[in-house]
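*Asks:* Read off the chains here:
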Amino acid sequence: MAEQYKSTIDADRAPVIEPGHTFGTITEKISAIVLTRPASNGWFIGFGIAFMLTMMMLFAIGYLFLKGIGIWGVTIPIGWGFAIVNFVWWIGIGHAGTLISAILLLLRQSWRNSINRFAEAMTLFAVACAGIFPLIHVGRPWLAYWLFPLPNSMGVWPQFRSPLMWDVFAVSTYATISALFWFTGLIPDLATLRDRTDNPALRIIYGILSMGWRGSARHWHRYETMYLLLAGLATPLVLSVHTVVSFDFAVGIVPGWHTTIFPPYFVAGAIYSGFAMVLMLAIPIRKIYGLEDFITERHLQNSAKVMLATGLIVGYGYMIEAFMGWYGGDRYDAFTLWNRLHGPYAVPYWMLLICNLFIPQVLWIRKLRTSPIALFFISGVILVGMWLERFVIVVLSLHRDFLTSSWGMYYPTRWDWMTYIGTIGMFLAAMFLFLRVLPAISIFEMRTLLPEAEVKE
Amino acid sequence: MKREPIYGIMAEFDSAQALVDAAHTTHQAGYKKIDAYSPFPIEGLAEEVGFHHDEVPLVVLIGGIIGGVSGYLMQYWMSAVDYPLNIGGKPYHSWPAFIIITFEMTILFAGISAVFGMLALNGLPMPYHPVFNVPRFSSASKDRFFLIVFSSDKKYDPAGTRKFLEALNPRSISEVPS
Chain A
1 MAEQYKSTID
11 ADRAPVIEPG
21 HTFGTITEKI
31 SAIVLTRPAS
41 NGWFIGFGIA
51 FMLTMMMLFA
61 IGYLFLKGIG
71 IWGVTIPIGW
81 GFAIVNFVWW
91 IGIGHAGTLI
101 SAILLLLRQS
111 WRNSINRFAE
121 AMTLFAVACA
131 GIFPLIHVGR
141 PWLAYWLFPL
151 PNSMGVWPQF
161 RSPLMWDVFA
171 VSTYATISAL
181 FWFTGLIPDL
191 ATLRDRTDNP
201 ALRIIYGILS
211 MGWRGSARHW
221 HRYETMYLLL
231 AGLATPLVLS
241 VHTVVSFDFA
251 VGIVPGWHTT
261 IFPPYFVAGA
271 IYSGFAMVLM
281 LAIPIRKIYG
291 LEDFITERHL
301 QNSAKVMLAT
311 GLIVGYGYMI
321 EAFMGWYGGD
331 RYDAFTLWNR
341 LHGPYAVPYW
351 MLLICNLFIP
361 QVLWIRKLRT
371 SPIALFFISG
381 VILVGMWLER
391 FVIVVLSLHR
401 DFLTSSWGMY
411 YPTRWDWMTY
421 IGTIGMFLAA
431 MFLFLRVLPA
441 ISIFEMRTLL
451 PEAEVKE
Chain B
1001 MKREPIYGIM
1011 AEFDSAQALV
1021 DAAHTTHQAG
1031 YKKIDAYSPF
1041 PIEGLAEEVG
1051 FHHDEVPLVV
1061 LIGGIIGGVS
1071 GYLMQYWMSA
1081 VDYPLNIGGK
1091 PYHSWPAFII
1101 ITFEMTILFA
1111 GISAVFGMLA
1121 LNGLPMPYHP
1131 VFNVPRFSSA
1141 SKDRFFLIVF
1151 SSDKKYDPAG
1161 TRKFLEALNP
1171 RSISEVPS
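Chain order of the listed sequences is A and B. The first sequence runs 1 to 457 under the numbering used here. The second sequence runs 1001 to 1178 under the numbering used here.
Note that these hints are calculated values from the structure, not bench results. All the pointers check out, no bait thrown in.
Taking lysine to aspartate or glutamate pairs in the EDC-like style, the calculated list, with each CA pair at most 20 Å apart, reads: (1) B:K1142 - A:E224; (2) A:K456 - B:D1021; (3) B:K1155 - B:E1175; (4) A:K29 - A:E297; (5) A:K456 - B:D1143; (6) A:K456 - B:E1047; (7) A:K29 - A:D293.
Starting from the given sequences, assemble the full structure and let the hints guide the process.
*Replies:* As structure tokens, then:
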């Protein structure tokens, strides 16, 4: 009965991997992107633009170090501005990578096998971009090590009752575990590249990185145990990271921040924007590198469904925020709601509702869920919407809080924009390099999807 | 340690199923020091070559406990013992506020122990290994499956073991120089 049920589902869905592949063709197809395919002009142009944007970011940060954060639009009362908006946005994007690699592994969703590698890379680069912002926002970045509990000549320690300290630990743990997860996942594939390449220098480099992996049954057994345990550890970790990020706001008493809906609403929003970024990367990659056999319509559909579901959770968050503002009886919360709908930043608020809540509802239409072009644009809209959401959370609550005498406005400067757009460049430059030097799809996990990988005792 | 000139005899198979069957037969025949190599993890293969005790979970458990305990004690010692500061009238030992960092440290230490424990138990990194001397072995990371009987096995004898492996119908047989 159960098997019958399974077969009807499978007949209805697009396959996870197109038929006709063997262990050999999977290996050749994925490793050829790295080993034999020459870098195209398109790659050089794309990487060149991304690299120039990275240089622009370094220039903006260099000038910031010279002049101080006065070059940004941050003032009192809006002391957080772009730096925190972008930090939360980037960290959120990273969450989809861990969700795909860890949570979907535990749930035995084998379709994850072809997108987990580059989604994890995306996580790593997104966390790197996120990590820049708090560091340059502290004003004296050369003292940023004060955030860590290191012995120092003043004899003082960090303040562990503060959510900002929790954030330091959550984000640095997240970065470490994501890097380990990504690297250990690569070890068997690096061994494949070591054995496939004709270039002696590359063989040495991949040989060192693969640590002499030889695929012994004992090694695989420990490896799989480790991988499963790491997935089990990364799952609560990823849920905790955006929860802790939301505590930065929710533990404060500022109207619009001090709510209990924040942790789940932040985590859902993170996965929402992360899947949008996964699709924005996967759709061009599968097209350009001819990987439609491995990243099939099924992957696009499933990602679209995850976006639809998390988008509705986010929408529920907006609804509860508005409801509590009206029903809660707190005049400051009520004013925050009014200020969102009619205040000087009403345009970003309405835009975020349009981008996050209304436009993505077209994903209910099956035809759009399977159309790469439509998905690409909807994902872009969601990424813009999620950025606006963070802007609204950070700026709108700060600019008009309890006392009218301390109200103000926030206008980002060109340095804010240069830093923000520069991190997008850095993220893309890292992705471009990753595609050329490491297998973008997990080769050994793709092999396990073939029916020949099944054995009977 | 005196080394045998021959590290073992290796047989090459075409499919995962053939490798599992061959490993099963070889182990049943009394060869205890054997190993199998495959391009992807195969369920049950480790048991067939006589591997039963996986210590990785224990290492992770110990790592997690160390991380959690040290994370909590660190915060307690720094906030309540070494430099007590009155922050908004909160107790020095504000344990609810310490839970999050305790949790993060548990995950951090458990995760690091998982990765480095796995590598250490597997004896990696090990850039050189005798099996790499077999030219055909480069397919072990692509689409071929290998079984080796080590020369240190009690039942090993060059001619007899070779004959035994040949009976398993492999694609090829090679001696592995050490």
